[in-house]
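Peer 1: The residues making up each chain are set out below.
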Amino acid sequence: MTPPPRVAVRDLRFAFGSRLVLDGVTVDVMPGEFVSVVAASGAGKSTMFGVLTGALTASSGTVSIDGTVGVGDRPFGWLPQGDTLVPWRTVERNVALGLEASGQSARTARTHARRLLAEFGLADVGGAHPHQLSGGMRQRVGFARTVALGRDTLLLDEPFGALDALTRTDLQMWLLRLWEQRRWTILLITHDIREAVLMSDRVYVMSARPMAVTACVTVDLDRPRTPDMVLGRDAAAIEAQILAALRE
Amino acid sequence: MDQRPTWAARIVQALVAGTGVAVFVAAWQAYAVLGPLEPDVLPSPARIAEAGWADRESLARNIWPTMVEVGLGFGVAVLAAFVVSVLLDRWRPARRAVLPLLIGSQTVPIIVLAPLVVIWFGFGLGPKVAIVALVTFFPVVVALLDGYATTDRTLTTLLETVGAGWWRRFRLLRLPSALPVFFTGVRVSVTYAVVAAVFAEYAGAESGLAVYLRAAQSSRRTDLVLAAVVVISVVSVALYVSTVLLQRRVMPWYADSRRSQR
Numbered sequence: 001m002t003p004p005p006r007v008a009v010r011d012l013r014f015a016f017g018s019r020l021v022l023d024g025v026t027v028d029v030m031p032g033e034f035v036s037v038v039a040a041s042g043a044g045k046s047t048m049f050g051v052l053t054g055a056l057t058a059s060s061g062t063v064s065i066d067g068t069v070g071v072g073d074r075p076f077g078w079l080p081q082g083d084t085l086v087p088w089r090t091v092e093r094n095v096a097l098g099l100e101a102s103g104q105s106a107r108t109a110r111t112h113a114r115r116l117l118a119e120f121g122l123a124d125v126g127g128a129h130p131h132q133l134s135g136g137m138r139q140r141v142g143f144a145r146t147v148a149l150g151r152d153t154l155l156l157d158e159p160f161g162a163l164d165a166l167t168r169t170d171l172q173m174w175l176l177r178l179w180e181q182r183r184w185t186i187l188l189i190t191h192d193i194r195e196a197v198l199m200s201d202r203v204y205v206m207s208a209r210p211m212a213v214t215a216c217v218t219v220d221l222d223r224p225r226t227p228d229m230v231l232g233r234d235a236a237a238i239e240a241q242i243l244a245a246l247r248e
Numbered sequence: 001m002d003q004r005p006t007w008a009a010r011i012v013q014a015l016v017a018g019t020g021v022a023v024f025v026a027a028w029q030a031y032a033v034l035g036p037l038e039p040d041v042l043p044s045p046a047r048i049a050e051a052g053w054a055d056r057e058s059l060a061r062n063i064w065p066t067m068v069e070v071g072l073g074f075g076v077a078v079l080a081a082f083v084v085s086v087l088l089d090r091w092r093p094a095r096r097a098v099l100p101l102l103i104g105s106q107t108v109p110i111i112v113l114a115p116l117v118v119i120w121f122g123f124g125l126g127p128k129v130a131i132v133a134l135v136t137f138f139p140v141v142v143a144l145l146d147g148y149a150t151t152d153r154t155l156t157t158l159l160e161t162v163g164a165g166w167w168r169r170f171r172l173l174r175l176p177s178a179l180p181v182f183f184t185g186v187r188v189s190v191t192y193a194v195v196a197a198v199f200a201e202y203a204g205a206e207s208g209l210a211v212y213l214r215a216a217q218s219s220r221r222t223d224l225v226l227a228a229v230v231v232i233s234v235v236s237v238a239l240y241v242s243t244v245l246l247q248r249r250v251m252p253w254y255a256d257s258r259r260s261q262r
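Chains as they are written, first to last, in the numbering used here: chain A, 1 to 248; chain B, 1 to 262.
If we strip away everything but chain B, and leave its shape as in the complex, we get (with noise of 0.2 Å):
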């Protein structure tokens, strides 16, 4: 009955898992090194981390004000998600009329609403919130929305033949019912936030991961900027992790009841 895989098995996957960054990162350093580019213009993987631990102090101190405004733009998107995917469940017309709204959100690139914001509201933290929160909260939303939608309908009928309203429905039934696929919505949406925090801050700060990339690339320093850029990756593969980690924590149910089906 218990099929999670043993402790062996899964050193094995990470190894399997590591093997692509290692070739990667082993071929760049070939190139890097025998190839016909200077170092300045394409640094080594080497060079890269050498250098990146040298200003550690300066990367650290950008890390920080960028990871307040992912987490709470995320934050508010996900409340914000979960406020408005339980308004639109609640009322199926007032669907058809926000969602083209939502859709539209979407299609407003970043780089050119990112200076817009600054005008409106400045160079503070808000502005920088409201871009992540703009750009992480519709895969949230839309995944809630499709969430509710497996919900069973057998189970419906059964739950309103015992007399359950609306509130009970949703609380015993649809919400559950919706968590692997809000799950997907929030591992997807999570990527997008490092980087909408970068752009956000591109378009005017006074500190962060864009304020250090753009000292370090007006100074040609191309080992600086690839060194902001690996802890950029790094980061958004953290986030990405630690979700999957929440999810495992709120339903252990799920990977299990997924093997068993196989």
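Isolated chain A, as found in the complex (with noise of 0.2 Å):
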């Protein structure tokens, strides 16, 4: 018997007035599971993740994390697209704000950030500000706030799309090392094709505006997976397989 999925999108419908974004888009993760959702840029991925998280109320359809529907008590950690370290916060500091959010004392929450940085690999890092790191510290710095919660499941919106490519590979590799030992349930979000082959299980791909879901393809390649495993003749296949359905 098949666990059920640890996040559920079900037939969700939502429009901006009369502008249907997202047209009953069904969705599932299983615990433990890397997928990722492609589509072309302004399709209405955010828009997906704005109901999941809450910000945003559907039209109709359902949305549940670990089995819970009601909006301010699903579980998940969330890294929202863009920069959204606070500039007056040290790293550790800024790794600690959604646990002081969340009720927890500025001490224990500093004192779990600081331990989250060190097995991380970013001890040395905890006690700089924001603006005195590269692009792709400040996104390793984001990860480890949104994960700093303990939750299992991660809803991660395009976290490598302001990268230059050299940096996306190591923060693409760093990121998926740490999966392979905490196995979190990953939704990511990217419209970067290759990127979604390399670290997913199973993916997505969407039409744009509205939003539904073309095809759900599986990505039958060995774990743990390396960068040059893109380059191969399966994978190849594979890409070709989602750039088909993405042109649909």
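Take the hints with a grain of salt, since some may be wrong.
To be verified - Label-pair restraints from in silico Cβ distances: (1) Leu243(A) with Ala9(B): 51 to 57 Å; (2) Arg171(B) with Gln181(A): 33 to 39 Å; (3) Val250(B) with Gly127(A): 48 to 54 Å; (4) Arg10(B) with Ser18(A): 55 to 61 Å.
Unchecked claim - Rough simulated footprint, nothing fancy, chain B against chain A, three-plus residues with beta-carbon under 8 Å: (5) 76–87; (6) 114–123.
Claimed, not checked - Far from chain B, some chain A residues (derived; all Cβ distances over 10 Å): (7) Phe16; (8) Ser41; (9) Thr57; (10) Gly98; (11) Gly103; (12) Leu171.
Hints in this document: simulated from the structure, not taken from any laboratory.
From a predicted model like this one, the values you see are computed outputs, not experimental measurements.
Backbone N, C-alpha and C define an ideal beta-carbon position, used for all residues, glycine too.
Two chains, two separate frames, one set of hints: put the complex together.
Peer 2: Here you go:
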């Protein structure tokens, strides 16, 4: 018997006024699975995350995480798109921000943040301010803040979008190694097909405006993944399949 | 990573900033000495400095009450602005009701208001503090409200998703986000504070820079009038500089993070 999905998006519809953005989107993520959603920029991916995080209310359809439907109770860690560290806090206190916001004392939150940064190999930069870090480091710290709450389900919105190619590859590998140890359930939004293939177990391909699932592609590559895997013939075939589905 | 300007660069900057003042003073000096006006009408900077220095005891005696009014008035203004801004931020409908009142309070000229306040509250310290507070309150409260509005929407949602209520969102996000704009408001506001105090004293006071000015005027001592004006300028600039220094202390990350964004 298969366990119930950790993230279940069922027939989600959402409209901004008369403009339909999500047209019956259904996405499942199983426990410990790494799933990507690929669509063109502006297709409505972030809108889907908006509904998942509770910032937006769907016109119809349901969303549940870990079987929980209620907006405030869904347990997830969320890394929003873009640079969302606050400039007035050090790295350590940025990682602690979510914990403090959830009600922990500043001291407990900082202790926890410090331990997490050490585990992620970021102990050196704990006392730095975000503007002193490179874009890649800032995204690592953002990711640490996301998992600091200790939730098993992570929603990542284009975490590598603004990075140069080398830094992006470094970061993708860094995230994959952490994921292999921890087995979070990850739902990743991206417009980069190769990234989706490299990282994921399954890839949902979406049409744009309104967004609907056009294909769900299983990525049958070995783990642990390495950057050169995406250059092989199997990966190329999967990429072609995704590209074809995107163009439908 | 450390992009602070060097000491040499800072000295050059200070010299450039001082050049404008120096040229102005030099031109004035030349015109006052060589030009057609009598020294009683337009005293030279040298004469102003000399007269001011000779009368320093009386000047100093009258600066103190004005500074007390400025300090108390501005303190009351910042405190009140903070409380009002928090209330207006918490209850949005109140904002719509109260903002016209705040803007309206700014359209009343102090020249008109100062004598009225004296009629209502007498000649003591209170009315002067009230006038300084009234004048400096508005820019600070507007800066705070605008500052809260600069808070990142995504981060607000992020904090909501982990269960942060209004107070926690305010403390962890809205207030720190507002600090840069708040300090801009404080800088604007503090430069009005001394002038406001002098205006308030004009309406009726026993001591203070306005009392000094009035005495100098009625004995046609233009040099002492201008010496007092110089003192008012210097004090205002000093207050401005101290808010800049305070800002650096409170948010040391700010200047650096702005430089690295360029």
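Peer 1: Please go over all the hints and tell whether each is borne out by the structure.
Peer 2: For each hint, the structure was consulted:
1. Leu243(A) with Ala9(B): 51 to 57 Å: Because 54 Å falls inside the window, the suggested range holds.
2. Arg171(B) with Gln181(A): 33 to 39 Å: 35 Å, holds
3. Val250(B) with Gly127(A): 48 to 54 Å: 19 Å, violated
4. Arg10(B) with Ser18(A): 55 to 61 Å: 58 Å, holds
5. 76–87: holds (count 8)
6. 114–123: violated (count 0)
7. Phe16: Phe16(A) is indeed farther than 10 Å from all Cβ atoms of chain B, at 16 Å.
8. Ser41: Given a closest Cβ separation of 17 Å, the condition holds.
9. Thr57: 13 Å, holds
10. Gly98: 5 Å, violated
11. Gly103: 7 Å, violated
12. Leu171: 20 Å, holds
The structure shown violates the earlier hints numbered 3, 6, 10, 11.
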